Amino acid sequence: MDKTYQPHEIERTWYDKWEQSGYFKPSGQGDAYSIMIPPPNVTGSLHMGHAFQDTIMDSLIRHQRMLGKNTLWQAGTDHAGIATQMLVERKVAAEEGKTRHDLGRDAFIDKIWEWKEESGGTITRQLRRMGSSIDWSRERFTMDEGFYKAVQEVFIRLYDDKLIYRGKRLVNWDCKLHTAISDLEVENKDQSGHLWHFRYPLADGAKTADGKDYIVVATTRPETMLGDTAVAVNPTDSRYTHLIGQYVELPLVGRRIPIIADDYVEADFGSGCVKITPAHDFNDYEVGKRHQLPMINILDPNGAILTRAEIYNTDGTANSELDDRLPENYLGLDRFDARKHIVAEFEDKGLLEKIEDHALKVPYGDRSGVVIEPLLTDQWFVAVADLAKPAIEAVENGDIQFVPKQYENMYFAWMRDLQDWCISRQLWWGHRIPAWYDDCGNVYVARTEAEAREKYKLSHDLPLNQDNDVLDTWFSSALWTFGTLGWPEETDELKTFHPSSVLVTGFDIIFFWVARMIMFTLKFTDQVPFKKVYVHGLVRDQDGQKMSKSKGNVLDPLDLIDGIELETLVSKRTGNMMQPQLAKKIENQTRKHFPEGIDAYGTDALRFTFLSLASTGRDIKFDMNRMEGYRNFCNKLWNAARYVLMNTEEQDCGVHGEAVELTLADRWIISRLQETEAQIDKHFAEYRFDLLANTLYEFVWNEYCDWYLELSKPVLWDEQASPERLRGTRRTLVRVLEAILRLAHPLMPYITEEIWQKVAPLAGKQGDTIMLQAYPQAEADKIDPQANADIEWLKAVMLAIRSIRGEMNLSPAKEIKVLLRNASIEDQRRLEETRILLNKLAKLEQIGLLAEGEEAPMSATGLVSQMEILVPMAGIIDKDAELARLQKELDKLDKEISRLDGKLSNPGFVSKAPADVVEKERAKLREMQSAAARLRDQQQRIASI
RNA sequence: AGAACUAUAGCUCAGUUGGUUAGAGCACCACCUUGACAUGGUGGGGGUCGGCGGUUCGAGUCCGCCUAGUUCUACCA
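All residue numbers for the first sequence refer to the numbering used here, where the first residue is 1 and numbers rise by one.
Among the hints, a few may not be true.
Taking lysine to aspartate or glutamate pairs in the EDC-like style, the calculated list, with each CA pair at most 20 Å apart, reads [what the hints assert, rightly or not]:
#  : residue 1 : residue 2
1  : LYS349    : ASP213
2  : LYS532    : ASP706
3  : LYS795    : GLU889
4  : LYS572    : ASP562
5  : LYS551    : ASP623
6  : LYS495    : ASP135
7  : LYS111    : ASP144
8  : LYS3      : ASP623
9  : LYS920    : ASP894
10 : LYS361    : GLU185
11 : LYS116    : GLU145
12 : LYS924    : GLU896
13 : LYS212    : GLU347
14 : LYS549    : ASP526
15 : LYS531    : GLU408
16 : LYS168    : GLU145
Okay, the calculated beta carbon distance ranges per label pair [unchecked claim]:
#  : residue 1 : residue 2 : range
17 : GLN651    : GLY617    : 46 to 54 Å
18 : ARG618    : LYS495    : 31 to 39 Å
19 : PRO914    : LYS495    : 48 to 56 Å
Hints in this document: simulated from the structure, not taken from any laboratory.
Just so it is clear, the structure is predicted and the values come from calculations on it, not from any experiment.
We treat Cβ as the ideally placed atom computed from N, Cα and C, and that holds for glycine.
Based on the sequences and whatever the hints tell you, model everything.
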């Protein structure tokens with residue numbers, strides 16, 4: 001083995017071997033355990049969030065596989081309607097100078113499929129590098145034929161159950177992408193804007209209370225005034241009550257619109273009068289419905305002013321009574337240009353009362369980055385009220401449990417205030433809506449046109465056209481757990497692996513995905529999609545900032561695995577930017593944070609880092625220093641293995657059950673191994689990967705390496721040692737290491753497999769891979785409290801001696817004598833048990849007891865409970881140094897003694913605290929007082945030299 | 001505006017149902033290349049647990065208020 005851990009050397013080959021051997025597939029034996037990967041976007045590449053999430057899933061799956069479960073980890077990607085369409089549109093524009101309309105729908109979709117074949121696999125290749133033990137034979141894509149069947153089936157059944165309806169509604173319209181998007185895809189940003197106060201002349205000679213012939217409305221969006229259909233006031237606002245039912249004459253347009261009363265209006269905001277534009281504002285839309293106001297749409301799909309307004313009645317039917325003409329000078333003007341012109345025209349006409357600065361939230365499309373326009377359009381909706389109820393109950397009654405539990409509140413809060421879900425998108429890429437229309441606009445929903453004719457008993461020659469729209473990507477993602485297992489067929493996979501065992505996901509998509517999955521899955525399978533939802537935090541950069549391309553703080557997990565040069569990293573981060581003006585800033589940041597570029601840390605260290613960061617918080621700040629620490633941990637494990645192999649390979653390790661003698665150290669490490677296994681088991685059950693990683697780290701480094709390996713040396717190097725003793729030590733070295741490897745394998749698959757291949761035979765284990773070995777289980781009868789206590793004593797003595805050495809500046813190479821004063825019978829027994837170890841490890845010339853009444857030589861002193869450790873320092877003692885050392889100890893003790901004293905002289909504590917707590921405190925006090933007395937004695941002796 | 005989460009060493013984080021002298025890693029200081037490992041070893045320094053109040057014999061831990069940060073939801077035209 002190499003002297004240092006070289007991740008590249010060992011990670012290269014194992015994955016292919018595992019995959020080719022079919023180890024990732026369900027074994028077909030044992031209870032089922034399944035995880036469906038949250039499908040990453042097919043356009044994407046693996047980011048830190050994925051890598052984090054995948055590490056957790058892989059650890060769970062590998063753990064369960066080793067526990068003998070029939071495990072299925074199924075992966076796939078979603079087609080990401082908007083993102084993919086945009087990407088390919090840009091590509092086609094760049095390469096061929098064509099728009100998708102030039103190509104036509106079918107040809108464009110062919111382009112997308114071509115692109116998907118070429119580069120859609122990026123993320124799955126990266127998943128492999130992470131060591132993810134996914135059953136690739138079951139990889140799914142949401143646009144697969146089979147999956148589309150499930151999507152159609154769901155749509156049709158929901159429609160037939162009247163849970164899907166079509167209607168003209170106000171939706172969030174993206175003027176750039178020309179499609180509706182859901183509330184969840186809208187980002188509201190704070191902006192400073194203006195509040196324009198306009199005068200609306202009163203019609204029919206009406207006057208306000210103070211005698212004016214106009215009222216003032218305020219708006220942040222002047223351009224929408226062309227579509228106003230009322231002015232609203234609060235019914236209790238005495239300034240305006242006499243005007244309710246009167247009319248104003250809408251400036252620029254000349255339309256007569258009523259003054260109505262509605263509680264929505266707050267009298268003390270602005271002028272107390274609100275213009276109502278039902279076709280262009282969600283609040284106004286509601287007001288309009290309450291007052292049966294017509295809806296006047298003035299914008300085209302680009303957000304430009306229409307030549308003729310589209311006017312609808314409250315029920316969505318076309319209104320032909322009202323005048324649909326709009327002022328000609330605005331025709332075709334973009335909404336923001338129109339705004340300027342309209343304001344100017346109000347000013348010209350003397351109708352602009354004032355302009356105020358105003359802070360407001362502006363909705364932006366999270367994909368397109370343009371301002372979202374509420375627009376009246378025909379869309380398909382899922383009526384969610386009936387679906388939500390069982391979905392809420394499933395969490396309430398514990399069929400689905402969130403970990404950590406607090407996220408259930410987030411889920412409930414959203415589910416209890418649910419709006420109908422707009423599922424149609426005006427895109428080409430996606431699942432086309434299985435609905436056909438005749439020329440009269442009647443709707444027929446079926447799998448195919450032929451089926452529609454049959455289902456609705458239509459004649460052959462009735463012309464039918466399929467709906468042009470596609471379904472929201474999240475509609476299909478909602479079927480992920482059962483759609484990927486072959487539903488609506490009743491497949492064996494569906495029976496075996498559904499519901500899935502756990503969903504691992506970030507809290508940011510609880511609404512988008514988790515909630516909708518629960519609703520749909522319950523509706524169609526009468527099963528929950530998963531029994532647990534493990535919600536993890538989001539990976540952030542070293543400053544706690546969200547990682548994003550535009551901030552330039554993204555890290556590619558593969559760069560952490562393989563390493564990257566500074567220059568390459570800089571150009572990677574600043575290349576192909578949406579906002580090139582930020583490039584310089586990003587470059588500087590990058591040079592500051594990674595002056596040397598990034599080292600190669602390997603997959604195992606990266607995984608271990610992710611796991612150790614997976615605590616219950618919402619933010620996971622990624623810390624390169626921590627990863628370096630865990631890379632070092634890999635090296636530690638590697639070198640421990642080297643040591644073990646050097647001492648066991650081609651030696652008698654008792655593989656065939658030969659007689660062995662187990663030393664105290666052997667019994668101790670075996671005992672501690674059981675306790676560690678039990679701890680790890682608990683942490684897995686509670687999804688506390690941080691504690692799990694820590695438990696393993698501690699055991700490997702602080703117990704196995706720091707102590708046990710050291711304790712094994714005096715045995716292995718003792719030429720007098722019996723064969724049984726040697727065999728026992730070798731067997732323990734190898735067996736404990738082998739168990740460590742299995743314990744660690746779900747977290748660090750590569751290094752453990754690599755080492756295990758060499759160690760397993762020496763431990764009497766057979767098998768081609770560690771992946772399929774049994775996960776270590778604690779055996780209670782191997783826990784040995786006596787051995788634990790004895791080794792703790794040994795450690796305490798060693799630490800006391802080392803501390804004296806360290807502080808008295810005694811060279812570690814110098815052999816010293818040690819005397820024990822006031823050693824109990826138990827201390828004496830332990831001394832005999834460990835004498836050889838102490839001599840060797842503490843570099844002692846000798847260690848012995850100071851007889852009762854015997855005068856001690858000048859010594860530095862340490863305490864192990866009541867026993868004094870004396871290191872005679874005749875001639876070389878530094879009086880002041882030793883006095884200072886003793887004083888420091890004493891100060892610490894005295895502080896604690898007075899604290900305990902105070903506690904115990906408090907009558908409240910003595911009478912009310914449980915007796916055992918009081919007794920414990922008393923014992924502690926006694927011990928400390930006596931320790932302090934010993935140190936004071938010693939202090940006097942030294943002082944009197 | 002409402003809600004949630006977070007606040008513990010210079011940094012990144014643990015700290016179970018309240019009860020050892022509040023821990024780890026990194027960083028820092030000193031010493032050490034010893035036969036697994038300098039990606040290492042040994043010793044050491046460093047914290048009023050965000051602030052104020054309360055409950056309790058006892059609070060990092062429970063409750064209230066405040067401050068700061070993050071996020072979500074809803075928004076007044």
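**Study point:** Agreement of LYS531 and GLU408 with the hint, judged by alpha carbon distance not exceeding 20 Å
**Key:** holds, 13 Å
Exercise for review: For the pair supplied as a hint, LYS361 and GLU185, confirm whether the alpha-carbon distance does not exceed 20 Å.
Suggested key: holds, 15 Å
Check your understanding: Do the alpha carbons of LYS549 and ASP526 lie within 20 Å of each other, as the hint requires?
Key -> At roughly 41 Å apart (the allowed maximum being 20 Å), ASP526 and LYS549 break the hint.
Check your understanding: For the pair supplied as a hint, LYS532 and ASP706, is the alpha-carbon distance within the 20 Å limit?
Key -> Violated - the C-alpha atoms of ASP706 and LYS532 are around 39 Å apart, more than 20 Å.
Practice item. Given the hint that LYS116 pairs with GLU145, test it: the Cα-Cα distance must not exceed 20 Å. Key: With a Cα-Cα distance of about 15 Å, the restraint between LYS116 and GLU145 holds, given a limit of 20 Å.
**Study point:** Restraint status (C-alpha distance of LYS212 to GLU347 at most 20 Å)
**Key:** holds, 18 Å
Exercise for review: Verify the proposed pairing of LYS111 with ASP144, using a straight-line Cα cut of 20 Å.
Suggested key: holds, 16 Å
Practice item. Sort out whether ASP623 lies within 20 Å of LYS551, counting only the CA atoms. Key: holds, 18 Å
**Study point:** Pair hint outcome, LYS920 versus ASP894 [Cα-Cα no greater than 20 Å]
**Key:** holds, 18 Å
Exercise for review: Would you mind confirming whether the straight-line C-alpha gap from LYS349 to ASP213 stays at or under 20 Å?
Suggested key: holds, 15 Å
Practice item. Take a quick look at whether LYS495 and ASP135 sit within 20 Å of each other, Cα to Cα. Key: holds, 18 Å
Exercise for review: Take the C-beta atom of ARG618 and the C-beta atom of LYS495, compute their distance, and say whether it sits inside 31 to 39 Å.
Suggested key: Holds - the Cβ-Cβ distance for ARG618 and LYS495, about 37 Å, lies within 31 to 39 Å.
When held up to the earlier numbered hints, the structure conflicts with 2, 8, 14, 16 and fits the remainder.
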